[in-house]
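Peer 1: Sequence lines, in order, name chains A and B. With full-length UniProt numbering, letter number 81 in the first sequence gets 81, and the count goes up by one each step, no holes. With full-length UniProt numbering, letter number 115 in the second sequence gets 115, and the count goes up by one each step, no holes.
A hint or two may mislead.
It does not matter which identical chain is used: a pair holds within one copy or between any two.
Simulated crosslink set (DSS-like; lysine-lysine; CA at most 30 Å straight-line) [as the list claims (entries may be wrong)]:
1. K171 with K56
2. K155 with K170
3. K95 with K140
4. K169 with K95
5. K19 with K140
6. K56 with K95
7. K56 with K148
Bear in mind the hints are in silico, worked out from the structure with no lab data behind them.
There are 2 protein chains.
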Amino acid sequence: MVEKLRRPRRTLIRTQVHKLCQEAAPRLLSSFQPQLIIAIGGGGYVPARILRSFLKQPGSPNIPIQAIGLSLYEELPVAEPSNSSTGSVDKMGTKVTRTQWLDFTSLGEMKNLVGKRILIVDEVDDTRTTLEYAVKELEKDVEQVRQKLGHEGEKTQFSIFVLHNKDKKKKGTLPPDMMAESRYVAARTVGDEWICYPWEAIDIDEHDELARRQRQAGQNGSSSS
Amino acid sequence: MVEKLRRPRRTLIRTQVHKLCQEAAPRLLSSFQPQLIIAIGGGGYVPARILRSFLKQPGSPNIPIQAIGLSLYEELPVAEPSNSSTGSVDKMGTKVTRTQWLDFTSLGEMKNLVGKRILIVDEVDDTRTTLEYAVKELEKDVEQVRQKLGHEGEKTQFSIFVLHNKDKKKKGTLPPDMMAESRYVAARTVGDEWICYPWEAIDIDEHDELARRQRQAGQNGSSSS
């Protein structure tokens with residue numbers, strides 16, 4: 001908390017979140033055409049739901065959303081090896097815990113994911129630890145099923161959408177081909193600021209007022225990636 | 001669509017959604033004290049995420065959210081019996097399809113649900129079909145695990161939060177004890193209107209302007225339950 005208070009603060013109103021999704025949707029549709037959204041909860045729930053409205057094509061059904069829950073705990077550096085069987089990865093002093101994973105039953109034992117274009121949605125790419133975990137674990141799960149099914153050519157493609165990417169040294173890494181412009185979309189690239197999303201606000205009027213004042217002062221800038 | 005256009009229309013801005021959650025939180029905390037939120041996606045994602053901010057108690061961790069995905073298809077009346085093994089219930093011409101269910105692995109095979117107070121969150125109680133399905137299936141799953149574990153006294157309690165309950169003839173039913181004031185919380189009771197939630201809006205400025213005009217005209221009234 002002390003560290004947060006020292007850092008610059010960016011406050012967003014919901015209209016801004018909405019517009020960041022709206023702005024990104026045509027890019028996502030032209031470059032990637034997602035067939036399934038995986039929302040990383042809690043922060044990814046709201047952008048994923050808004051984004052779905054903009055990705056909807058006339059005459060086509062809504063793109064389904066699967067939610068996964070990942071919690072990131074910063075810990076002291078540990079020497080333990082990665083242990084994905086328990087659903088956690090210990091690395092460089094960070095630990096991701098699964099609070100929810102895909103529901104394989106409704107997904108037809110992952111068969112529905114094989115060969116699909118899947119968009120992973122979160123609110124922010126901060127240390128990249130959570131995104132690294134999500135991509136690695138999802139790719140592993142899908143690859144296992146693909147091999148079992150013997151579907152040779154059908155490669156599942158993942159891409160990422162975040163509202164904000166923080167321009168900072170990342171702890172997690174993504175596969176190089178996922179960093180292509182068509183597969184990694186951040187609506188805005190910002191500094192290492194503390195971002196206040198509207199769904200975290202307790203006093204929403206105060207929150208909106210602060211966001212408006214920041215906007216007028218040009219602080220919630222237009223740097224985009 | 002034609003039917004929707006004929007019906008009165010209620011347009012909400014995000015601040016209103018936020019305030020409905022804020023207003024309900026003290027009631028939920030005093031009467032029910034939820035330990036887990038189950039969000040029915042896609043409509044329940046946003047209120048569940050906002051509500052969690054208001055349910056957070058100083059010194060306690062966030063209440064975990066599990067997302068489930070249910071789609072409601074209106075169909076012609078069918079004579080098929082309820083068939084929950086395939087994840088669908090056919091009844092009175094309505095069909096609920098699971099697009100996602102609880103992740104039993106992360107939940108410790110449902111053990112974590114036994115004896116807990118669980119709040120089910122959706123945006124609207126319209127025909128009640130989806131809520132009936134969610135409650136029935138969740139109660140069944142939890143009861144099975146409880147019996148298996150032999151935890152005699154530990155009864156799991158479910159409650160419901162929706163932003164809006166439509167005052168209309170319902171197709172689905174809930175257990176009578178779930179309709180108690182402490183276990184069924186609708187932030188607002190409204191007529192059989194078409195409700196436009198902000199996360200469904202394509203033009204958010206137009207949406208907000210319409211909501212503001214309705215508010216000024218007193219149409220997004222204050223009837224509460």
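Peer 1: Compare the structure with each hint and give your call.
Peer 2: Do the hints match the structure? See the list:
For the homomeric pair K171 and K56, the shortest alpha-carbon distance between copies (28 Å) is at most 30 Å, but the shortest distance inside one copy (34 Å) is not. For a Cα distance limit of 30 Å, the shortest separation of K155 from K170 inside one copy, 27 Å, qualifies, whereas the shortest one across copies, 45 Å, does not. In this homomeric assembly, K95 and K140 come within 30 Å of each other (Cα to Cα) only inside a single copy, at 18 Å, whereas the closest approach across copies is 34 Å. With identical chains, the CA atoms of K169 and K95 are at most 30 Å apart within one copy only, with a shortest distance of 18 Å there and 49 Å across copies.
In this assembly of identical chains, K19 and K140 lie within 30 Å of each other by CA distance neither inside one copy nor across copies; the values are 33 Å within and 41 Å between. For a Cα distance limit of 30 Å, the shortest separation of K56 from K95 across copies, 22 Å, qualifies, whereas the shortest one inside one copy, 35 Å, does not. In this assembly of identical chains, K56 and K148 lie within 30 Å of each other by CA distance neither inside one copy nor across copies; the values are 32 Å within and 43 Å between.
This entry does not satisfy hints 5 and 7, going by the numbered hints stated previously.
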